[in-house]
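Student: Chain order of the listed sequences is P and S. In case it helps, numbering that gives the first Met the number 0 puts the first sequence at residues 0 to 252. In case it helps, numbering that gives the first Met the number 0 puts the second sequence at residues 0 to 195.
No lab work stands behind these hints, which were simulated from the structure alone. There may be inaccurate statements among the hints.
[Claimed, not checked] The calculated DMTMM-like cross-link candidates involving lysine to aspartate or glutamate, where the alpha carbons are at most 25 Å apart (straight line), are:
#1 S:Lys46 - S:Glu70
#2 S:Lys177 - P:Glu246
#3 S:Lys153 - S:Asp72
#4 P:Lys221 - S:Glu70
#5 S:Lys153 - S:Glu185
#6 S:Lys153 - S:Glu66
#7 S:Lys86 - S:Glu32
#8 P:Lys105 - S:Glu83
#9 S:Lys65 - S:Glu50
#10 P:Lys105 - S:Glu66
#11 P:Lys221 - S:Glu50
#12 S:Lys177 - P:Asp192
#13 S:Lys92 - S:Glu19
#14 S:Lys161 - P:Glu235
#15 S:Lys86 - P:Asp71
#16 S:Lys177 - P:Glu131
#17 S:Lys86 - P:Glu238
#18 P:Lys221 - S:Glu185
#19 S:Lys153 - S:Glu32
#20 S:Lys54 - S:Asp28
#21 S:Lys177 - P:Glu164
#22 S:Lys177 - P:Glu238
#23 S:Lys161 - S:Glu185
#24 S:Lys177 - P:Glu235
Note that the structure is a prediction, hence the values are computed from the model and not measured.
One-letter residues, chain by chain:
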Amino acid sequence: MLPACPALYTTTFLLATLATLLVAATLRLLTILPHTRSTPPPPRRRPGTLTRVLIVLGSGGHTHEMLALLRDLDPRRYTHRTWVVSSGDAFSASRAVAFETALAEKASRDTGEGKEEAGRWHVGPQYYTVVEIPRARRVHQSLLTTPVSAVHTLLRSLTLLYRSEGLPDLILTNGPGTACIVVLAVLVLKFFDLRGAQSRGKCKTVYVESFARVRGLSFSGKLVGRFVDRLVVQWEGLEGVSGGRAEYWGVLV
Amino acid sequence: MSKLCFVTTGATAPFTALIEAILSRPSLDALLECHVTHAFVQYGTAKDVYETSAKAAREYLRQQGKETQLEIDGMDFDSSGLREQFKLVQDTKGLVVSHAGSGSILEALRFQVPLIVVPNTVLLDNHQEELAMAMDRQNYLIHGNISNLAPAIKASEEFRNKMSQFPPVTAGKERQTKSFARIMDETVGFTDFNNE
Chain P
0 MLPACPALYT TTFLLATLAT LLVAATLRLL TILPHTRSTP PPPRRRPGTL
50 TRVLIVLGSG GHTHEMLALL RDLDPRRYTH RTWVVSSGDA FSASRAVAFE
100 TALAEKASRD TGEGKEEAGR WHVGPQYYTV VEIPRARRVH QSLLTTPVSA
150 VHTLLRSLTL LYRSEGLPDL ILTNGPGTAC IVVLAVLVLK FFDLRGAQSR
200 GKCKTVYVES FARVRGLSFS GKLVGRFVDR LVVQWEGLEG VSGGRAEYWG
250 VLV
Chain S
0 MSKLCFVTTG ATAPFTALIE AILSRPSLDA LLECHVTHAF VQYGTAKDVY
50 ETSAKAAREY LRQQGKETQL EIDGMDFDSS GLREQFKLVQ DTKGLVVSHA
100 GSGSILEALR FQVPLIVVPN TVLLDNHQEE LAMAMDRQNY LIHGNISNLA
150 PAIKASEEFR NKMSQFPPVT AGKERQTKSF ARIMDETVGF TDFNNE
């Protein structure tokens, strides 16, 4: 039986629609969020497969730690690298280029021994890019305007991921505020399964907490801890924080 | 024989209190006691503070007739990193005095040199202090106090013999460790680890 008042009908309909959407969105979120530490291993990847990695660099300390983490990065496996720096962070951008130059030098020293199984060195300008995205929050920026700049950063991150030649397979972050926004952008991609971000198992996110964090996660770590595929800490005392998700495998930097 | 004490105050926020502390009279006495011949200060943007302090320090040394025993020098910032300086410290069996930024700490520790870390107490974020304390407990470095740096300098010689190796050697312990490269590989599915 129809309600007597058409206005009520509209309201009920609207509420029902909203409730349905809410339930659907929640279910979707539950599907895309990483559940426990024991997620099934990804399908085996053959060396030589095109593999894109996106690395978010931050201010001085974060950049330094990230490059230390990547000291054994193998350009035969990680064939395409995207370095994301905050706008105006010339220091991080130049460090990224220096890192790539060092990789190329390493490649030229390679004698070719075991080349067949290890694959080709993917080094040189065609295998990496350095991109800038606006800062989520500048130092001393007012808290009132932060949401606006954060949304700006989010949009830029989304377009960066969406318009890239191919979605990254792996996303590495270690703490700058901008990295949280990139993680959020990945969630959006996975939520709507844009370009198959979810169904093709792309955009695996790894967050490494700074070595400087001894007793607790940083603000960024707390924020993204639940939303990244892997949360890695570097002090044994932090193992298992963030609902049992934090992994400890020794000092990595 | 020369012996270098390298002081780094960080690139971003100038840590002027550390410049003043290392060039204070008690610290200079401690450096002389440890037979340090060169004090080299990376002062960042705080050139004026450094110059004032260095002038006073040289004057103090001159009064004692020791100006030839300890030379004071400085630089603003080296964009190529501090490896060269750490290497010099290593070669001269000297010591490093550093702000508590994790980058400088990690870099210096890999050279296996006595390291005094002085947290900047002005910064509100206290995780610098936490890191310095935790690493001091494990004998990786000496946690120095900005208002009283001399005892830490004097302790550095003895510390050289008992300092722990960094990064910690975990082999033989029950804990399983992994490199970050391995963590990346297993996340994307490179499951053959014949490189290791």
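Student: Give a verdict on every hint.
Tutor: Hints, verified against the model:
1. S:Lys46 - S:Glu70: With Cα atoms ~18 Å apart, S:Lys46 and S:Glu70 stay inside 25 Å; holds.
2. S:Lys177 - P:Glu246: The hint holds at about 11 Å.
3. S:Lys153 - S:Asp72: holds, 21 Å
4. P:Lys221 - S:Glu70: violated, 47 Å
5. S:Lys153 - S:Glu185: violated, 47 Å
6. S:Lys153 - S:Glu66: holds, 20 Å
7. S:Lys86 - S:Glu32: holds, 23 Å
8. P:Lys105 - S:Glu83: It holds: about 21 Å lies between the C-alpha atoms, which stays within 25 Å.
9. S:Lys65 - S:Glu50: holds, 19 Å
10. P:Lys105 - S:Glu66: violated, 46 Å
11. P:Lys221 - S:Glu50: violated, 43 Å
12. S:Lys177 - P:Asp192: violated, 32 Å
13. S:Lys92 - S:Glu19: holds, 24 Å
14. S:Lys161 - P:Glu235: Given pair S:Lys161, P:Glu235 holds - Cα atoms ~23 Å apart, limit 25 Å.
15. S:Lys86 - P:Asp71: holds, 22 Å
16. S:Lys177 - P:Glu131: Not OK: S:Lys177 and P:Glu131 at ~31 Å, beyond 25 Å, violated.
17. S:Lys86 - P:Glu238: Violated. S:Lys86 to P:Glu238 sits at ~34 Å, over the 25 Å cutoff.
18. P:Lys221 - S:Glu185: Holds - the C-alpha atoms of S:Glu185 and P:Lys221 are around 24 Å apart, at most 25 Å.
19. S:Lys153 - S:Glu32: holds, 8 Å
20. S:Lys54 - S:Asp28: Roughly 16 Å separates the two Cα atoms, so the pair holds.
21. S:Lys177 - P:Glu164: violated, 32 Å
22. S:Lys177 - P:Glu238: holds, 14 Å
23. S:Lys161 - S:Glu185: violated, 37 Å
24. S:Lys177 - P:Glu235: holds, 13 Å
The structure fails hints 4, 5, 10, 11, 12, 16, 17, 21, 23 (numbered hints given earlier, in ascending order).
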